[in-house]
Amino acid sequence: MSRAKALKQLRAALTPRAVITEPSALKPYETDGLTAIRELPWAVALPETENQVREVLRICAKHDVPVVARGAGTGLSGGARPVADGLVLGLSRLDRILEIDLDNCVARLQPGVRNLAISEAVAEHGLYYAPDPSSQIACSIGGNVAENSGGVHCLKYGLTVHNVVGLKVLTIEGEELVIGGKALDSPGYDLLALMSGSEGMLGVIIEVTVKLLPIPPEKRVLLAAFADLDSAADTVSQIIAQGLVPAGLEMMDRLAIQAAEDFVHAGYPREAEAILLCEVDGTRTEVEASVALVTRVANEFGAFAVRLAINSEEQANLWRGRKAAFPAMGRLAPDYYCMDGTIPRSQLSKVLKEIGKLSEHYGLAVANVFHAGDGNLHPLILYDASVSGEVAAAEEMGGKILELCVAVGGTVTGEHGVGVEKLDQMCVQFSQAELSQFFKVKACFDPHEMLNPGKAIPTLARCSEVGGMHVHGGRVPFPNLERF
Amino acid sequence: MTQPERDDCERLVDAVRQAHAHRQALAITGSGSKSFLLPKQQDTGVRLLSVAEHTGVVQYQPDELVLTARAGTPLRELQQVVGRHQQMLPFDPPMFAGGGTLGGALASGLSGPGRPWWGSVRDCVLGVELVNGLGEQLTFGGQVMKNVAGYDLSRLQVGAFGTLGVIMTASIRLLPQPVAERTCALELSAADGLRLVRDFARRPLPISATCFEGGLLRVRLSGVEAAVLSACEEIGGEIVERDRYWQQLRDHELPAFRNGTDLWRWSLPPGADSPVDGAVIEWAGALRWVVGADADGIALAKRAGGNAAPFSAGFAQLTAAGMPAAMRRYHQRLKAAFDPENILNPGLVDVHAH
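Residue numbers (our numbering), protein chains in the order written: chain A, 1 to 484; chain B, 1001 to 1354.
Treat the hints with caution; some may be incorrect.
Said to hold, decoys possible - Facing chain A, a subset of chain B residues (Cβ under 8 Å, in silico):
#  : residue
1  : Glu-1064
2  : Gly-1119
3  : Asp-1123
4  : Gly-1135
5  : Glu-1136
6  : Val-1144
7  : Val-1148
8  : Gly-1159
9  : Pro-1204
10 : Ala-1227
11 : Ser-1230
12 : Lys-1302
13 : Gly-1306
14 : Pro-1310
15 : His-1331
16 : Leu-1334
To be verified - Label pairs and their computed distance ranges (CB to CB):
#  : chain 1 : residue 1 : chain 2 : residue 2 : range
17 : A       : Ser-349   : B       : Gln-1041  : 38 to 48 Å
18 : A       : Ile-137   : B       : Gln-1086  : 36 to 46 Å
19 : A       : Ser-2     : B       : Ser-1035  : 36 to 46 Å
20 : B       : Cys-1009  : A       : Pro-453   : 53 to 63 Å
21 : B       : Glu-1241  : A       : His-361   : 38 to 48 Å
22 : B       : Ser-1050  : A       : Arg-462   : 46 to 56 Å
23 : A       : Ala-292   : B       : Pro-1324  : 50 to 60 Å
Stated by the list, open to error - Computed from the model, here is a short list of chain B residues facing chain A with C-beta under 7 Å:
#  : residue
24 : Gln-1086
25 : Met-1088
26 : Leu-1318
Hints listed in this document are in silico derivations from the structure and should not be mistaken for laboratory results. Quantities reported herein were computed from a predicted structural model and do not represent experimental measurements. Where a beta carbon is used, it is the ideal one built from N, C-alpha and C, also for glycine.
With the sequences and hints as input, model every part of the structure.
What follows is the structure in structure tokens.
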């Protein structure tokens, strides 16, 4: 009864066409970029104005309808996957650039503005928005904030949280919070940091103010090829120890190189065990000094080839293979499972060896692409979902890889978020008291768990079960955890 | 100079647990270098909890660009440790009277002159180990650059003045020290100075600090030698190598800051016109120090899209008047979520609804 009333009110608040309930029309919303996990929502609402968003939240709160906010649906951890009986609040129609403020070098945006559209809109002023997640053509700024998205260039330019100065957020209680602004700080707790990466659990983002940077005048991309992984990893450490923070520093292992070569023919040396792609930017004098440094270090550590791309066509060609790494996996296996652990860089060679062992144990090949500068590892587990048991094996192996990342001092997710995907691994990374603290923070903003329920933070009960399943060498992951 | 390394964790955790059990209010202190920002009237019956004895670098591997240290470690010592490897704390925290600890830098959230280019304290925090008001030891974030597991409760501690937890250990991101540094000084009016830095912000110059004071705009350039020198030529003015001015500005040692307690801190959109005369303007216009602002200062700053507060007794109080009611309510709830008995620096956050 209450649901029928809610639907009627939603249709009145929005246009009737902006509220979807027919199963066939709901279908596109049943998943985000993590396509393995699906759930049909009760309804989808597609508001076009801030006020309509406010109304949708008010109606849902009144009728106890859980709300899952969704941007472009490109997330890789199931953060925007619907919950059963819940409403998907699609924000992609709020896609206006509200203001480009050149005096303060900021842009004020509605949440549905696409990431790349920001840089395109300000390019004529010599400015750009730095964070560039791989999905930047499609992903939207609201989703970027919710996931605290990264990208290839965050070693030098930071994550989303470092490039957003203001937010407008609606809480499920109907309050509008203006957080930050065009100034660099404001009184009170740093709610901007708290909201960034909160995966739609604390509030719905309806406006974002981002920092704009001058476009670097010069760019160079280098490729260095190595006969072994350790030398490539040592080169990365040495470049940074020498005082250079490159704009991007990426590494690919043999299988990833082969797959990318087969797919796009970027001209990567097939005989290499590892390649590094290094992008440096700045003024001409800066990039020349940086190129000299990277070349010298790579040669010192035994690179058998170093190539320099000066013009943008050559640069795009070198990047092409890296950017195609994920789709290229499709040629090697019907399915792949992408992990997102981050590790201290010094642990790279140890972690890659352990991943190699896991790969042998499970009989599933793994290709590694790596944001080497900041330690963010994306092992791609190759499997075939039509072979009985392989899905489960891939998932189990993925879990083991993430646990390995935590064991060496890293984290289960560097940039993709927890969503529904990494809930079990959260139990490995956090203690019961830490998870409780997360819940208490959630309750401050959403006491009845109406926003994206069941995501991002696992319940203690779930962790208790997981703890029983993953026992290594007789050691329980959390000896202090209560069992119930 | 180097302080002995000491793990005071057990005593600190025990002290908070006891305080929680007995509802004993605690005033958390480090070196005391920022104590002038505390409210004048201290609550009676508050017990001092000093983190100053919890010291030492826990982990530092220069090629990771990450340092983990105990909260009581003096900032001066950390600067020396990372300086030996030609690295620096990017947020360049003020060291008033030469003091300050890592924990204090995080708790106050105050960053130095390079903040718009090198990042704030909060930007550089990767992880924090803290003790909440229940005496629970919790770790959020980590030692890696990218980490989106769970809510970002480590960066939330920055600028919270210890009201959400006693910061025990922090991991921070470092940067390589720039090889070359020059300062260009140009004689200008305040309005022209603001216009010029606004223009610089849209150009790819290796700027790492700006400050307008008394008819002089100083612009610090940092990076590789050739880039810095060519930028010097572009900007012009009188050129100084390694100007001590920036340290004096950071630590409030300039004559402009010596007029006693009547100093106001204005945080404004960088492009805002100067609403008051005689300000010391850094951060490319985003931070302005005003001596002896009149009572209209708060309203003026608000109209300009920012905020103003006296940088003196009471600055450390978090939920002062002027915060919208809803915002204040969420602050109160967050405080209660970390510290239900209100024992951690209770004088610094106003927990009662108005």
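Which numbered hints fail: 4, 12, 14, 17, 19, 20, 21, 22 and 25
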